[in-house]
Each structure stands twice: as C-alpha cells, then as structure tokens.
Amino acid sequence: MRRFLLAPVLACLPLLTYACGDDTEAAADDLEAACEAWCQEAFSLPCNDTGLSVDQCLSSCPYLETQLDGYCVGEYASALQCLADGGYECQNDFPTPLDLCIDQQTALQECQADAACQKFCDQSACGADCVDSCNADRDALGTCSYAYDFLLTCYADQGAGCAAGTPSPTGCEEEIMEVGDCVGSFNDDPCSGWCFAAERLGCGEGCAADCAEKIGDPTCGFQYESVIDCGLLYEAASCSGGELVPTDCSYELEQYDMCLSQP
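Going by the numbering used here, the first residue of the sequence shown is number 1, and it counts up by one from there.
Hints were generated in silico from the structure; no laboratory data involved.
Keep in mind that this is a model prediction, so the values were computed, not measured.
Note that CB positions come from ideal geometry on N, CA and C, so glycine has one too.
It is possible that some hints are incorrect.
[Stated by the list, open to error] Estimated spans, in silico, between C-beta atoms of each pair: (1) PHE222 - SER133: 35 to 41 Å; (2) THR50 - ILE102: 19 to 25 Å; (3) LEU98 - ALA128: 45 to 51 Å; (4) GLY241 - THR219: 18 to 24 Å; (5) SER60 - PHE94: 15 to 21 Å; (6) PHE94 - ASP139: 33 to 39 Å.
Using the sequences and the hints, build the whole thing.
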C-alpha cells in the first residue's frame, strides 16, 4: 500500500509520495542531481550499515520524480541538496547528517501537509471547495491524519468520484478501516472509529447513537465492544442491513448474539 522512496533516509528526512509543488523538467533535473549528491554523501562512509550501497541509491535517483507524481519536487530537491552539502559523519556506527536542514525540511513538510488533499482533489470530482473541505477533515483527525493521507492517496489512485461530497469507497475499504482503527484507538472511543468507517463505507446514518446505546448496555456492552474492536483490528467490515458488520469476527459476533439471547 505504501510506496518505497529511498527508505534509508530514515530519520534524517521525512518522506511521502504525496506532493504539491513544482513538476517542471528543470526541477526534475535538480531533483536527480540532488539525489545523486545525497547518495554519495550518505552511503559512502565506512559505517554505512543501512543495507543500501551508493550504486543502489544512485540507481533510484532517475525514478524519484516519477515516484513523487510530480508533486513537491522542488522542496524535495532542496532538502536532499542541503543534506548533501552539509555532509555526513559516522555517529554510533550510522551515517548521520551534520546539518539537519530544518528550513528545507519544514518547507517539505508544509508541502506534504497539503499534498494528500491536493492530489485527491486533482483526481476526483468532489466540488470547487474540495481542497478546503479535505484539509478541514484532515485537521480534525489530528494524530490520525497520517492514516487519512494513505486513504486519500487510495481515493486518488482509484479515481474515486463523489456522491453528496463523500468519495466512493470502492477499492479503499481497508484504508477506511485503518483510519477508523486509528480514530478509535486515539480517542479511546471505539464508536468514533467504527462510525467513521461506517460513514465512509455508506452506512453511517444513526451509527453514533446506535453504537453508544449498544456499548452502554450493562449486560452485553462488553461483548459488543469486542465486536467493534475485532472489526477495526482486522480492518474488515461491510455494510449489511444499513449497518456496519465485521466480516472476520465470527467468534465475537457469536458471543454477542449469545449474550443478547440470555433471559
């Protein structure tokens, strides 16, 4: 699901395939040159234990602009060039940049922060306010915005159209459940994650009230919460009879049904 982009950059440079910047031929040439300079600096030290050689790194450079889909190319090139210009040294047996290039990394992160929504809206037909609406949803998700970014990329890759402002879930069901799992975990509220998924999958009407009532049941609430937790954990659920039902949680569903059947 997540694309490979020079993974051994690791902590010294945040990487995403989303983008929002300059896609001119000159920018692409600058990116390749910066990548080559960075490879020479980062992977030629005797302490290089990343599993990636200079030649292997260099072989990736001509394809980097394509992997970025033409977005954030200028920002990415500037970050790599800065790291290369600053040089590397061995610290704790690992190549470590001498200059963390905070300004360049900040610019790249700011570009990436808008990139997921921009790419999604470029590929979809979700209205003139698509970017603003998408960024508002992303901001509201807080810590889980990273998971939402992968969902947005899936929407873009699938060419998801919009119905009443909601992208078609087809082909992105797993990513939707991943966001739901994150939302439920970080809010310590499984209903919030479950109902996010239900809404995005097309059966969210009344979900919040229904879920709160079932979990609040003093007799069978624990069993129902187990059903939701299982569905989010395995990221597999579908709409049935107007509500979201997990598809890989037969034991938990059985236990809940048994509880309900008790006198």
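Going down the list of hints, with the structure as the test:
1. Remark: the range hint 35 to 41 Å for PHE222 to SER133 is upheld by a beta-carbon distance near 37 Å.
2. In this structure, THR50 and ILE102 meet the distance hint of 19 to 25 Å, their C-beta atoms being roughly 23 Å apart.
3. Between LEU98 and ALA128 the C-beta distance comes to about 46 Å, which sits within the given range of 45 to 51 Å.
4. A beta carbon spacing of about 22 Å between GLY241 and THR219 agrees with the range 18 to 24 Å that was offered as a hint.
5. About 20 Å separates the C-beta atoms of SER60 and PHE94, a value consistent with the hinted range of 15 to 21 Å.
6. For the pair PHE94 and ASP139, the supplied restraint of 33 to 39 Å holds, since their beta-carbon distance comes to about 35 Å.
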